[in-house]
Amino acid sequence: MNYRHAFHAGNFADVLKHVVLGAVLERLLAKPGAVCMVDVHGGRGLYDLAAPAAQRSPEFTQGIGRLWAATGLPPLTAAYVERVRAFNTARGHATLRCYPGSPWLARLQLRECDRVVACELHDEDARALKAAFRGVAGVAVHARDAWEALGALLPPREKRGVVLIDPPFEPPGAEFQRLAAALAQVRQRFANGVVLAWYPIKHYAAHERAGHLRLHHAVRRMGAAGAFAVELSVRPEDRAEGLAGSGLVVLNPPWQLADQLAAELPPLLAVLAPDGRGRSGLVQLDGPTHARR
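Note that the working numbering numbers the sequence shown so that position 178 is 233, with each residue one more than the last.
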């Protein structure tokens, strides 16, 4: 596997993913029962934005960097930025220096009774992930394959929670097929759990069908009540400029989550794509239509 998230930490795709994750956890934490967050692509856990990997092509400047000093952010985005700010402050940084990955952002939001389970297959990143959480209560780190972990670790003992699936998409076509199969598996093993599945949105040649549309079709065939995808692109998707945007399939969404995100996306997009070339929206996946919200 060649993908290393250190080159992309804090970019616009991370922003969307972590705003949505925070919104899901906020809803789950409204009830007293313990919650488990399972991240099967945990990465390194935290990222130094001054390190060579992050500085080679500083994608974070177009993501969390745009939000850092922004004012008037919508509520879910503002709460996410404050978690990143608190993470930096706790490490003695007055400015944006470190970016917490999904396991850390979840741990910052969760209570003492809750738990994070994070997996990473890449040897170096798995060691870094374990080091990032050494001595931190309520976090279990596994050096194991993500797809195998979905079968082995679900359902969690808490019986409530969220599963985050965030594959590297190497190669893209195979990963979309694998992701669709994994979603069906997770639905069977953890019926009460919220599932977030991240995917890229990019330019495809005329003879190709966009991978994310194939994923949408697969989810519709599952008949998952209330399922939807949330998407945000910062540049036109018909141009071969690399990653244009990203999305997350949401299975078993908490009550009113879709309405929350529908209100959150336009002001978030305005900050991340100030040139007006982007788009955002929700796609309903629990029926035959392909409707924007």
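Any given hint might turn out to be false.
[To be verified] Across the chosen pairs, the derived CB separations fall in these ranges:
(1) Arg244 / Thr150: 14 to 24 Å
(2) Ala265 / Gly331: 31 to 41 Å
(3) Glu179 / Gln240: 37 to 47 Å
(4) Ala134 / Ala108: 37 to 47 Å
(5) Arg166 / Asn247: 42 to 52 Å
(6) Gly281 / Glu213: 20 to 30 Å
(7) Asp341 / Gln232: 13 to 23 Å
(8) Lys214 / Val191: 21 to 31 Å
(9) Ala317 / Arg140: 39 to 49 Å
(10) Ala325 / Ala265: 16 to 26 Å
(11) Ala317 / Pro226: 30 to 40 Å
(12) Pro113 / Glu137: 31 to 41 Å
(13) Arg276 / Pro226: 35 to 45 Å
(14) Leu268 / Ala149: 22 to 32 Å
These are calculated hints, taken from the structure and not from any lab test. Virtual Cβ for every residue (Gly too), placed ideally from N, Cα, C.
So, going through the hints one by one against the coordinates:
Look at arginine 244 against threonine 150: about 43 Å separates their beta carbons, and that is not inside 14 to 24 Å. A hinted range of 31 to 41 Å is violated for the C-beta pair alanine 265 and glycine 331, which are about 22 Å apart. At roughly 28 Å, the beta carbons of glutamate 179 and glutamine 240 sit outside the given window of 37 to 47 Å. Remark: the range hint 37 to 47 Å for alanine 134 to alanine 108 is contradicted by a beta-carbon distance near 28 Å.
Arginine 166 and asparagine 247 have their C-beta atoms about 19 Å apart, which leaves the hinted 42 to 52 Å range violated. Range check, glycine 281 to glutamate 213: Cβ separation about 21 Å, and the 20 to 30 Å hint holds. The supplied range of 13 to 23 Å is met by aspartate 341 and glutamine 232, whose beta-carbon atoms lie about 21 Å from each other. Evaluation of the 21 to 31 Å hint for lysine 214 and valine 191 yields a pass: the beta carbon distance comes to about 23 Å.
Range check, alanine 317 to arginine 140: about 26 Å between beta-carbon atoms, so the 39 to 49 Å window is missed. Range check, alanine 325 to alanine 265: Cβ separation about 25 Å, and the 16 to 26 Å hint holds. The hint said 30 to 40 Å for the Cβ distance between alanine 317 and proline 226, and at roughly 33 Å that hint holds. Taken as a hint, the range 31 to 41 Å is violated for the pair proline 113 and glutamate 137, whose Cβ atoms sit roughly 22 Å apart.
The hint said 35 to 45 Å for the Cβ distance between arginine 276 and proline 226, and at roughly 23 Å that hint is violated. For leucine 268 and alanine 149, the Cβ-Cβ distance of about 44 Å falls outside the hinted range of 22 to 32 Å, so the restraint is violated.
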